[in-house]
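Protein chains in written order, with this note's numbering: chain A, 394 to 1033; chain B, 28 to 133.
Please keep in mind that the hints were generated in silico from the structure rather than gathered at the bench. Since the model is a prediction, treat every value here as computed from it, not as a measurement. Mixed in with the good hints there might be a few duds.
[Unchecked claim] Partial pick of chain A residues on the chain B-facing surface, computed with a CB cut under 10 Å:
id : residue
1  : Leu568
2  : Lys569
3  : Gly572
4  : Thr573
5  : Asn1005
6  : Gln1007
7  : Ser1011
8  : Ile1013
9  : Val1014
10 : Gly1016
Idealized CB from N, CA, C, for every residue including glycine.
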Amino acid sequence: MIEYAWLIPVFPFLAFLLIGLLPKRTLLWENGAGYAIAGAGGALVGGPEFTWLIIGDYEVTFGLWVDQLTAVMLVVISVVGTLVVVYSGGYMHEEGVGRRRYYAEIMLFISVMYGLVISDNYLQMFIFWELVGLCSYLLIGFWYEKPSAASAAKRAFIVTRVGDIMFMAGIIILLKYAGTLNFEELFAQHPQISAAGGPISKEMLTLATLMIFGGAVGKSAQFPLHEWLPDAMEGPTTVSALIHAATMVKAGVYLTARSYPLLIQTPDSLLVVAIIGGVTALLAATVALVATDIKRVLAYSTISQLGYMILALGAGGWLVIEGNEAGGYAAAMFHLMNHGFFKALLFLCAGSVIHAVGTNDMRLMGGLKKHMPITSITMLIGAIAIAGIPPLSGFWSKDEVLAAVYSSGEFHAVFFVLWAMGVATAFLTAFYMFRMWFMTFSGEQRSEYHAHESPKLMTVPLMILAVLALTSGFALFIGSGFDSFLEGSIEDLGHFEVLEPGELAVEIFTDPLTYVSIAVAVVGILIAYRIYFMAGFDRSVFGRGVSGWFQKTLENRWYISKFYDDFAYKGVYGLSLEADLFDRYVIDGIVNGFSYLGANTGNVMRKAQSGNVQRYASLIVLGMVLLIVFMLYILPWGGW
Amino acid sequence: MIPIEYWVIFSSLLFCIGAYGVITRRNAIVVLMCIEIMLNAANINLVAFSAYHTTLHGVADTSGQVFALFSIAIAAAEVAVGLAIILSVYRRYQTIDVDKINILRW
Chain A
394 MIEYAWLIPV FPFLAFLLIG LLPKRTLLWE NGAGYAIAGA GGALVGGPEF
444 TWLIIGDYEV TFGLWVDQLT AVMLVVISVV GTLVVVYSGG YMHEEGVGRR
494 RYYAEIMLFI SVMYGLVISD NYLQMFIFWE LVGLCSYLLI GFWYEKPSAA
544 SAAKRAFIVT RVGDIMFMAG IIILLKYAGT LNFEELFAQH PQISAAGGPI
594 SKEMLTLATL MIFGGAVGKS AQFPLHEWLP DAMEGPTTVS ALIHAATMVK
644 AGVYLTARSY PLLIQTPDSL LVVAIIGGVT ALLAATVALV ATDIKRVLAY
694 STISQLGYMI LALGAGGWLV IEGNEAGGYA AAMFHLMNHG FFKALLFLCA
744 GSVIHAVGTN DMRLMGGLKK HMPITSITML IGAIAIAGIP PLSGFWSKDE
794 VLAAVYSSGE FHAVFFVLWA MGVATAFLTA FYMFRMWFMT FSGEQRSEYH
844 AHESPKLMTV PLMILAVLAL TSGFALFIGS GFDSFLEGSI EDLGHFEVLE
894 PGELAVEIFT DPLTYVSIAV AVVGILIAYR IYFMAGFDRS VFGRGVSGWF
944 QKTLENRWYI SKFYDDFAYK GVYGLSLEAD LFDRYVIDGI VNGFSYLGAN
994 TGNVMRKAQS GNVQRYASLI VLGMVLLIVF MLYILPWGGW
Chain B
28 MIPIEYWVIF SSLLFCIGAY GVITRRNAIV VLMCIEIMLN AANINLVAFS
78 AYHTTLHGVA DTSGQVFALF SIAIAAAEVA VGLAIILSVY RRYQTIDVDK
128 INILRW
């Protein structure tokens, strides 16, 4: 079976070609559903491999790598991708001819995303990595007539490019010092990678893993490269759901997880990974507290949850090194899967609301519960899931993440701090999610609109995703459990303890930490209920004194965005002005001197010119033909 | 292994198509595209002979590939410069018909 895994990206690619190239004015392929849902992969590694190009004695081969990690990604991409395409049938209905471009780009995205997760070496992955970036750029700028959308697309492209360059630097280091980019060869050389010219030094490997993680920072919108993701909300909501919540931004997490056999050889890198994840989670969650744009709340929440996954990977690495246990790794991927479902659900619900109300601003919404019952209930399910209330999916994975971070605290004290940040984030998450829900669906209608429930084409995907958000957490208990399933993909790294599902449930519910995370979530929801649902709370108290200053900082997104703008404007632009002076007076001075000389010479020579470039080109070709005839026929005939 | 003659004939045809376009087309952008076709014909030759070296001697001759990469990079720069020139020509004359732009003469 596994040999046919290469067919997975082929189907959506065919759909892309059909939609994009067929000369149909009638949009026959409107729903573009011509792609199959990918099956879950097995534990085998292999499949066809072919040589793409040969450079000196190094061969670049393309191949397939399908293991449990890939399978998790494939499930998320195929399920969310299919539902988003169906939903788009309703959401993008009024777009007219633009729909064709939209579906073609979505299909291309799904295809290259599949390609990314089944790549068997870093270079092949990098190619698909850039392709998903391209699709993201195209789809953010889908409404390119709008200046804000066009500039958001450019920003997303440029910021992720910073990460991509680091990723490429990491690839180059690996190629130079380890001699191969193939996962199997790289990981088989564990624990000491021996290169063609000797073992790679620990420092070099640390640098390489840090650089590769830099790529993940860019793609998964981690601090300090996270500011592009909220801006990316300029694209259609379906795009935000598919690319900027469920799949593409997970590519960074996937890359980090994929590089695990390298990362666990470099504890320093893992520490950086964990710290960046923890900082991102808390930072993004605080900004989400004050966002008034419904999609931006979800965008910051996505960044924050991605921070969780990165944090779990970083902390989990120490667990693997010190405790020979893959809990953090499995928790991160488990959270990735659950988050894919509930965040896609939340985004699609937000899309349904925006579709009905015609604005993104939550201050203008309110009271939508009676107009849009299905959307409000499914979104409530999504909000409860992300807040981490049992037995919904978010609870299981978030609890696993926090437990992994806490237990790695015994190896390095930093992880206790990160755990505290994670718990704080859980509290903030519950609060801002319910703030959003109450502001949107409860209370009085705050502006003029005639809201109505979305068509079936949109509500059915919502209901399916809501069921997934309710139940996907129980994957923890299927068979011998999600954790042991996933640990199959890194089993070479050591032996892992496998718990029976029953014991696992007992362990989760006898651990006091579980109740800490439930308690903070409940408190967060109750505070949101008090402030945003019950009448008579004066919200202006937040605008005064220290909290007013804090609110202002948050509304300006911690001034990070401003810092980048200032840096680009004052720093780079100032430097460019200096360079411009040099260019104008020194370089141009020399050039003008020469041109003066040339002008005078040309004055004499100009008589030969007619000014028609194509005549010159014809004369050159004619001269060349004459020369060839002369050399091939006249010269031999003359005896040379 | 495709015989070397096929590559040479293919690249000559490509070159002639490009040269024909450069001479006959009126639109400066199309002329620029034709120049790209000619450049790529040369690249095909470089890579084809590099591969031919392998069949002759059993050792890959990398310099052919490297030359092709260089010329691709230079072609990219050339397009950037060419398009910039066309853009400024268009701003000045409101046309990119190469027949009309003939003041570069005595």
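Mind listing which of the numbered hints don't hold for this structure, in increasing order?
-> Structure breaks hints 1, 2, 3, 4 and 10.
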